[in-house]
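**Student:** Protein sequences, first through last, are from chains A and B.
Under full-length UniProt numbering, the residues of the first sequence are numbered 1 to 348, in order.
Under full-length UniProt numbering, the residues of the second sequence are numbered 1 to 348, in order.
Please keep in mind that the hints were generated in silico from the structure rather than gathered at the bench.
Some hints could be false.
Remember, identical chains collapse to one label, so a pair may be satisfied in a single copy or spanning two.
As the list claims (entries may be wrong) - Straight-line alpha carbon distances no greater than 20 Å define the calculated SDA-like cross-link-like pairs of lysine to any residue that follow:
#: 1; residue 1: 264; residue 2: 40
#: 2; residue 1: 312; residue 2: 100
#: 3; residue 1: 249; residue 2: 284
#: 4; residue 1: 91; residue 2: 201
#: 5; residue 1: 249; residue 2: 289
#: 6; residue 1: 348; residue 2: 77
#: 7; residue 1: 319; residue 2: 97
Small disclaimer: the values here were computed from a predicted structure and weren't measured.
Take a look at the letters that make up each chain.
There are 2 protein chains.
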Amino acid sequence: MAEVESREWYLAAYAAEGVPTSDHLKLRTVTLSLSPDSIPEQHVILETLFISIEPYLRSSITGREDGLCIPQFNLDQVITAFGVGRVIRSKDGNYAEGDIVVSAFTSVAEYCAVPSQLIARKIHTNSGIPLPEYISLLGVPGFAAWVGIELLADPKPGSNVFISAAAGAVGMYAGQLAKLRGCRVIGSTGSDEKVRLIKEEFGYDDAFNYHTETDFDAALSKYFPNGIDVYLDNVGGEMLEAALNHVNKHAKIPLCGMISGYNKVWTEREGVRNLLNLIGKEVNMQGFLVGSYLHRYGDFATEMESHVKQGKIGYSKLKIFHGIETLLESLGSLFTSSNVGKVVIQAK
Amino acid sequence: MAEVESREWYLAAYAAEGVPTSDHLKLRTVTLSLSPDSIPEQHVILETLFISIEPYLRSSITGREDGLCIPQFNLDQVITAFGVGRVIRSKDGNYAEGDIVVSAFTSVAEYCAVPSQLIARKIHTNSGIPLPEYISLLGVPGFAAWVGIELLADPKPGSNVFISAAAGAVGMYAGQLAKLRGCRVIGSTGSDEKVRLIKEEFGYDDAFNYHTETDFDAALSKYFPNGIDVYLDNVGGEMLEAALNHVNKHAKIPLCGMISGYNKVWTEREGVRNLLNLIGKEVNMQGFLVGSYLHRYGDFATEMESHVKQGKIGYSKLKIFHGIETLLESLGSLFTSSNVGKVVIQAK
Numbered sequence: 001m002a003e004v005e006s007r008e009w010y011l012a013a014y015a016a017e018g019v020p021t022s023d024h025l026k027l028r029t030v031t032l033s034l035s036p037d038s039i040p041e042q043h044v045i046l047e048t049l050f051i052s053i054e055p056y057l058r059s060s061i062t063g064r065e066d067g068l069c070i071p072q073f074n075l076d077q078v079i080t081a082f083g084v085g086r087v088i089r090s091k092d093g094n095y096a097e098g099d100i101v102v103s104a105f106t107s108v109a110e111y112c113a114v115p116s117q118l119i120a121r122k123i124h125t126n127s128g129i130p131l132p133e134y135i136s137l138l139g140v141p142g143f144a145a146w147v148g149i150e151l152l153a154d155p156k157p158g159s160n161v162f163i164s165a166a167a168g169a170v171g172m173y174a175g176q177l178a179k180l181r182g183c184r185v186i187g188s189t190g191s192d193e194k195v196r197l198i199k200e201e202f203g204y205d206d207a208f209n210y211h212t213e214t215d216f217d218a219a220l221s222k223y224f225p226n227g228i229d230v231y232l233d234n235v236g237g238e239m240l241e242a243a244l245n246h247v248n249k250h251a252k253i254p255l256c257g258m259i260s261g262y263n264k265v266w267t268e269r270e271g272v273r274n275l276l277n278l279i280g281k282e283v284n285m286q287g288f289l290v291g292s293y294l295h296r297y298g299d300f301a302t303e304m305e306s307h308v309k310q311g312k313i314g315y316s317k318l319k320i321f322h323g324i325e326t327l328l329e330s331l332g333s334l335f336t337s338s339n340v341g342k343v344v345i346q347a348k
Numbered sequence: 001m002a003e004v005e006s007r008e009w010y011l012a013a014y015a016a017e018g019v020p021t022s023d024h025l026k027l028r029t030v031t032l033s034l035s036p037d038s039i040p041e042q043h044v045i046l047e048t049l050f051i052s053i054e055p056y057l058r059s060s061i062t063g064r065e066d067g068l069c070i071p072q073f074n075l076d077q078v079i080t081a082f083g084v085g086r087v088i089r090s091k092d093g094n095y096a097e098g099d100i101v102v103s104a105f106t107s108v109a110e111y112c113a114v115p116s117q118l119i120a121r122k123i124h125t126n127s128g129i130p131l132p133e134y135i136s137l138l139g140v141p142g143f144a145a146w147v148g149i150e151l152l153a154d155p156k157p158g159s160n161v162f163i164s165a166a167a168g169a170v171g172m173y174a175g176q177l178a179k180l181r182g183c184r185v186i187g188s189t190g191s192d193e194k195v196r197l198i199k200e201e202f203g204y205d206d207a208f209n210y211h212t213e214t215d216f217d218a219a220l221s222k223y224f225p226n227g228i229d230v231y232l233d234n235v236g237g238e239m240l241e242a243a244l245n246h247v248n249k250h251a252k253i254p255l256c257g258m259i260s261g262y263n264k265v266w267t268e269r270e271g272v273r274n275l276l277n278l279i280g281k282e283v284n285m286q287g288f289l290v291g292s293y294l295h296r297y298g299d300f301a302t303e304m305e306s307h308v309k310q311g312k313i314g315y316s317k318l319k320i321f322h323g324i325e326t327l328l329e330s331l332g333s334l335f336t337s338s339n340v341g342k343v344v345i346q347a348k
């Protein structure tokens, strides 16, 4: 095989607001040469197996530096994401054909060339851990949950922990980690089905549906009679404002995401009017990106793999989209109430 | 002298919004017995010399627990504040007639009885430090500036530091402390006269008048071409929102006060729409009250007294109101652009 045809997604136009459509992201077919001469040194050719679809991808195609400070794709550039792939050609002695690897810059494509220095890890296929977990439980969402709960919130047993978007990729791990710390954990989410899931599968003590309990202040009064000690915020806006009316003294608020605002320019976002509560309650609010904690990735992976082996944390709830052509559908699903768990594209 | 007449301020009605008036705070004359039998054990009678007028006083007469979580005065209760007084009667062996003391619960009155356990410190009158400095430089505003800059922001030499309400009681010390750390320090304030003062007397590198440079975003672009590393926020609202558009990676924002909101119920306050920037820039925002740092007061006082003796920090710009009857005027001045430095009532 001297070459392969590969369908790949590229940026056709920036999407300033709203959910991206086929006006913004387009699929094209390219031919990738597999002849050794055409592959640069220290590169591998990957056959894509799984691609991680994350909210930050939305922020990387707005055409402006946004609050998340995510670098923007250029027009015509191939979209990349965290992915799991199989090495089919290698110009790096550390990787052999057949190796399965995790890479931070896998193209949203059937095949791609990747500089081997961007490979995050080689997967030992006898580990027993399903491949998509390497971009979920052991990937960005699992690591974000761990940084937010273990490193930043560091809650005591008995602490009252609130997690928004609790059925999302970060929320499903964060709740379990907080439970392992002996906390009382309550989640918010967008459907009754997800409320059930959060309680039965992710081990939360309780959860509420913000579409039916629309008075967030009343809901938080009900679920947090003793106030909130930790709020892992994944949504921002109105729910953050409501939470600030229920924080306890010295509460901690790791800011992991604010999905309520990603499809809006910042001046259109809901303002938070009660930041004065941060003073009276001496609250610490800490925004974070997992990229700043990579020096702790090893500790995280060891801990999570141990939790999984001991059955303390279950494998992930995955929302798998089949085929590279599902990018728009899978990305759009992050911004609907129907999304559950970790969104992944299975390329083959 | 068996008794004294004393004029004292009491709360006649809560002031939910706006600047308090004579409808809310009223003056009455009471008679205080000085006979030993009528003074409780472990109490002293103070003749009030200086009273500290601070923004938190506004929040203690709203009739509701506000974002600052300041306990509310009861109706008919005498208003109390930090003050400097002379002991004229004592039922505590640690205090003698003639001692000058600082107390956290001095009545806004000509005379008052104070439990001696509420006395913060006895002043050694040969220290050379003017008496009002004990409720200013060495009082709540000086301590708040020190906690915000030294403990929470902990800036490196060369850091770009922004301080709002820079001509106010906290701002005048905070700027000097940041300069001693080798930072580049810019302040915002409400008049050209105060801009001059901030630069010439408080040692700021530069300052701007937010009444004339009303496009805060443009102003911050101009004064912070390299972004903001530390923002000591004393005002909240629109200026905080603007600052969040200029923060650098890992910026620190100690929240000391939000005076733009004190005269409004929280739902009427300006919302901050760009909190997403806290994530992209991984900013730490920490609300604080000095009461939680009292275990560091000794370190603070030693350091500040040393700075003063070495001429590194000058004595305070004081705005002295004469006579106990000036409470409404002095409190109201905190919420106008005319206020400069530390507001103090000199009772005698």
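**Student:** Which numbered hints are broken by the structure, listed smallest first?
**Tutor:** When the structure is compared with the hints, numbers 1, 2, 4, 6, 7 turn out to be violated.
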